[in-house]
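Kindly generate the complete structure, drawing on both the sequences and the hints.
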Amino acid sequence: MKIMHQRYKKTNWLLLPVLAGLLLAGCKKDDENRVQLYPDGPKAAIKFLDGLPSPSQGRAGTIVTFKVMGLKGKESKFKFLIGQLETEIMTVGDSSISVRIPADAITGGAAVEFDNQYFFGPEFRVRGNLIIDPSFVAYNGARGPILDIVNATSVAGSYIIAGSFTNYNSLATPAAPIYDIAKIDKTGTLTASNKMLTRTGTEGGVIYSITPLASGNYLASGFFTKYNERGGIYSITRMYQRAQLDSMTVDLVNPDPINNPNDSKDTVASFNGGVNGAILYSYETDDEQIIAVGNFTEYRSNYYTRSTKANKVANRVLMPQVLKMNADGSLDSSFNYNLTLHKGNPGGNGPIVAAIRISGGRVLLVGAFTTFNGQTASRIVCLDEWDGAISADFNTGSGADNVISSVTYNEETDRILLTGDFHSFNGIAANGVVMLKPDGSVDQSFQLRSTTNGKVTYAAQLNSGDVIVAGTFQKYDEKVRPGFAYLGPDGKAITGYNNTGTFTGRIYKMIERTTDLGYPGVILVGDFNKFDNTDVSNIVYLEIRK
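FYI, the numbering for the sequence shown is -25 to -1, 1 to 521, going by mature numbering (1 follows the signal peptide of the UniProt record, and there is no 0).
These are calculated hints, taken from the structure and not from any lab test. Only a predicted model underlies this, so the values are computations on that prediction, with no experimental measurement involved. Keep in mind that a hint or two might mislead.
Computed cross-link-like contacts, PhoX-like style, restricted to lysine-lysine with a CA-CA straight-line distance of at most 25 Å [stated by the list, open to error]: (1) 161 to 201; (2) 22 to 47; (3) 54 to 521; (4) 454 to 54; (5) 521 to 467; (6) 521 to 454; (7) 430 to 505.
In structure tokens, the structure reads:
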């Protein structure tokens, strides 16, 4: 049987070449008899060849050569575009074209428009006075939105970022997780000395505002009920410089001290105060009290004298949208409070969207309300921070005719910028952006130009007086500016500073700093994934060349 099996295998292997020959002969015959059912498709009239342009980047006025076939003989019949903008054609060859980069060009892909068709080529990066600083190496950024950034209190040139993220620069590990808050150095990276001890963070919550305190610690506010595995927190808490919870030990009621002797005490947050909703913005006053603004209806604190370890008793006071707390978290009833009715004043008849502290010890609130504390307030109101009364030194007249969605303030220039869905402000035409003086009047020296296919969602003024705007628009003042524009103090786009390509997402905060080369710069944070056609993750540092 064994010999027969071997012979059988050998016979089969000998037959394989014969079978293969028959198959090849059949295939050859099929090829000879095959009929072409469809004609060949038309060859592309124009085709970009592989390879980058030469040079691959440059300023306006640079002459650039692209490898492309099919243009010879079609002169004056096609347009050559970079970043959607037509270029000046210098020479056309059999397999190349040379063009001059126009003054208003932005980083973008090349394209040929011919006979109502577009043929797309490689990207050309336009260099200008606004560039992503290569020394800022936050390549992977944050895994989730960054909603705030402030200067760190302990190390010069470092920053605290906060929001709703679960990693930063892919450096989180099971032993050292990163949740909602991180400290970065001037290069945008985490170092061993910068690592924050966030452990579990807000456990699914969000930090909208991070406030440096006079003590050197921080106040985090947002929407959360836990921080670093400690409960009994009402959307605001104090933390140390490395993000450890500022905690204390309290005595509790123990219903079963014999079987559970450890239930007589608990470790809790030292800051015993907060709200039943979201705090969008908080800050420390000059006398080290805390003002919090948001969308909530109650002030809350824990009454530990009557609490058990499993069940904390909460004090509750009706206190809509804005309140002041003492350094320990207790409510300051001298601020925005009705002592007769033992509750806070009614607040707005619509939601607060944003808030900011401005000069003169005042806090500015904006949103979708038309009254505040029973008085007319067209989407904007300013309160004195010592008692919460509507400020008599801030008059916006008829205010905005629609929702105000963001507010920024520059201490150096003492100017306020608002963005939103409004078309007029105090009877003055405004295309969703308006600049105010500290008395609430419109600063008409700044005029936003027209935007196309979208709107401005963020505007902030630099110390120099220049203005950054970002949003969903594709054009600004009829010039291609996909999502981002750099403006002069008058609102006009400045030539040489608008070279950046596509921006996609939303900016929530800007902070100024000086680069290592001595140039001014800005760190932008938010919820965005592309800047200047470059993939980014919610943070970018721009160098502003002068």
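Against the structure, the hints:
For the hint pairing residue 161 with residue 201, the CA-to-CA distance comes to about 30 Å; that exceeds 25 Å, so the pair is violated. Among the hinted pairs, residue 22 with residue 47 is consistent with the structure: their alpha-carbon atoms are about 12 Å apart, no more than 25 Å. For the suggested pair residue 54 and residue 521, the alpha carbons sit about 33 Å apart, so the restraint of at most 25 Å is broken. With a CA separation close to 17 Å, the supplied pair residue 454 and residue 54 stays within the 25 Å bound.
Annotation: proposed proximity of residue 521 to residue 467 holds, straight-line Cα distance about 17 Å (limit 25 Å). For a cut-off of 25 Å, the pair hint linking residue 521 to residue 454 stands: about 22 Å separates their Cα positions. About 18 Å separates the Cα atoms of residue 430 and residue 505, which keeps this hinted pair within 25 Å; it holds.
Checked against the numbered hints above, the structure breaks hints 1 and 3 and satisfies the rest.
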